[in-house]
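Asks: Construct the entire structure; sequences and hints are all you get.
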Amino acid sequence: NAGVMQNPRHLVRRRGQEARLRCSPMKGHSHVYWYRQLPEEGLKFMVYLQKENIIDESGMPKERFSAEFPKEGPSILRIQQVVRGDSAAYFCASSPSTGGYEQYFGPGTRLTVT
Amino acid sequence: QQQVKQSPQSLIVQKGGISIINCAYENTAFDYFPWYQQFPGKGPALLIAIRPDVSEKKEGRFTISFNKSAKQFSLHIMDSQPGDSATYFCAASISNYKLSFGAGTTVTVRA
Numbered sequence: 001n002a003g004v005m006q007n008p009r010h011l012v013r014r015r016g017q018e019a020r021l022r023c024s025p026m027k028g029h030s031h032v033y034w035y036r037q038l039p040e041e042g043l044k045f046m047v048y049l050q051k052e053n054i055i056d057e058s059g060m061p062k063e064r065f066s067a068e069f070p071k072e073g074p075s076i077l078r079i080q081q082v083v084r085g086d087s088a089a090y091f092c093a094s095s096p097s098t099g100g101y102e103q104y105f106g107p108g109t110r111l112t113v114t
Numbered sequence: 001q002q003q004v005k006q007s008p009q010s011l012i013v014q015k016g017g018i019s020i021i022n023c024a025y026e027n028t029a030f031d032y033f034p035w036y037q038q039f040p041g042k043g044p045a046l047l048i049a050i051r052p053d054v055s056e057k058k059e060g061r062f063t064i065s066f067n068k069s070a071k072q073f074s075l076h077i078m079d080s081q082p083g084d085s086a087t088y089f090c091a092a093s094i095s096n097y098k099l100s101f102g103a104g105t106t107v108t109v110r111a
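Each protein sequence line maps, in turn, to chains G and Y. With the working numbering, letter number 30 in the first sequence gets 30, and the count goes up by one each step, no holes. With the working numbering, letter number 54 in the second sequence gets 54, and the count goes up by one each step, no holes.
Mixed in with the good hints, there may be bad ones.
[Stated by the list, open to error] Here are the simulated lysine-lysine pairs, DSSO-like style, with alpha carbons at most 27 Å apart: (1) G:Lys44 x Y:Lys71; (2) Y:Lys71 x Y:Lys57; (3) Y:Lys42 x Y:Lys57; (4) G:Lys44 x G:Lys62; (5) G:Lys62 x G:Lys51; (6) G:Lys44 x Y:Lys5; (7) G:Lys44 x Y:Lys15; (8) Y:Lys68 x G:Lys44; (9) Y:Lys71 x Y:Lys5; (10) Y:Lys42 x G:Lys27; (11) Y:Lys15 x Y:Lys42; (12) Y:Lys42 x Y:Lys5; (13) Y:Lys5 x Y:Lys68; (14) G:Lys27 x G:Lys44; (15) Y:Lys15 x Y:Lys57.
Hints in this document: simulated from the structure, not taken from any laboratory.
Replies: Have a look at this one:
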């Protein structure tokens with residue numbers, strides 16, 4: 001049973017470019033969460049999605065960031081016009097569709113903006 | 001505003017010793033309290049979790065103690081091993097919802 005998968009694992013972008021981060025939840029999970037971790041800090045919630053719906057995006061910066069979880073395919077976190085401050089590790093987690101509060105994390109995507 | 005406060009920031013323990021990490025929260029609506037273990041360059045791994053209707057939960061060498069009235073919970077790592085050297089995060093959530101994380105504790109176990 002594969003865990004949460006994220007790709008790419010490492011991503012380097014120049015300032016002003018776009019970054020696309022992908023997350024495939026565990027089999028049977030339809031809840032996806034994105035978190036950001038800055039160096040030497042804890043994880044900060046960004047957005048919570050279910051299939052085709054954004055449930056809570058209160059942790060997302062107002063501009064340049066967007067997320068989706070389509071009916072088919074992985075969840076995508078998109079960062080437009082990246083800046084150096086966007087450099088961080090971005091983690092995706094998934095949880096079961098019914099019952100169970102456990103969130104299982106993927107290995108993360110480490111974004112470096114040069 | 002950090003909803004979950006974690007201490008200490010780091011600790012060093014001898015092999016075989018006990019590691020204790022403490023967390024405090026403010027939001028009384030929280031009803032799920034997990035602990036995660038993270039190794040450098042890896043994603044957080046769920047270690048153990050507790051609901052507020054129990055005061056203690058034990059899994060192997062890891063124990064969570066929960067004090068609802070004080071709004072505090074702690075992780076005890078018994079018989080600490082070098083392989084336990086990692087960063088540990090406490091967290092809290094309301095049902096199956098977004099997790100609020102503590103700042104993390106780096107544990108170093110000396111052989």
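Asks: Hint by hint, say whether it matches the structure.
Replies: The hints, checked one at a time:
| no. | hint | in the structure |
| --- | --- | --- |
| 1 | G:Lys44 x Y:Lys71 | holds, 21 Å |
| 2 | Y:Lys71 x Y:Lys57 | holds, 16 Å |
| 3 | Y:Lys42 x Y:Lys57 | holds, 26 Å |
| 4 | G:Lys44 x G:Lys62 | holds, 15 Å |
| 5 | G:Lys62 x G:Lys51 | holds, 22 Å |
| 6 | G:Lys44 x Y:Lys5 | holds, 13 Å |
| 7 | G:Lys44 x Y:Lys15 | violated, 32 Å |
| 8 | Y:Lys68 x G:Lys44 | holds, 24 Å |
| 9 | Y:Lys71 x Y:Lys5 | holds, 11 Å |
| 10 | Y:Lys42 x G:Lys27 | holds, 21 Å |
| 11 | Y:Lys15 x Y:Lys42 | holds, 23 Å |
| 12 | Y:Lys42 x Y:Lys5 | holds, 23 Å |
| 13 | Y:Lys5 x Y:Lys68 | holds, 15 Å |
| 14 | G:Lys27 x G:Lys44 | holds, 25 Å |
| 15 | Y:Lys15 x Y:Lys57 | holds, 23 Å |
Hint compliance for this structure: hint 7 is the single one not met.
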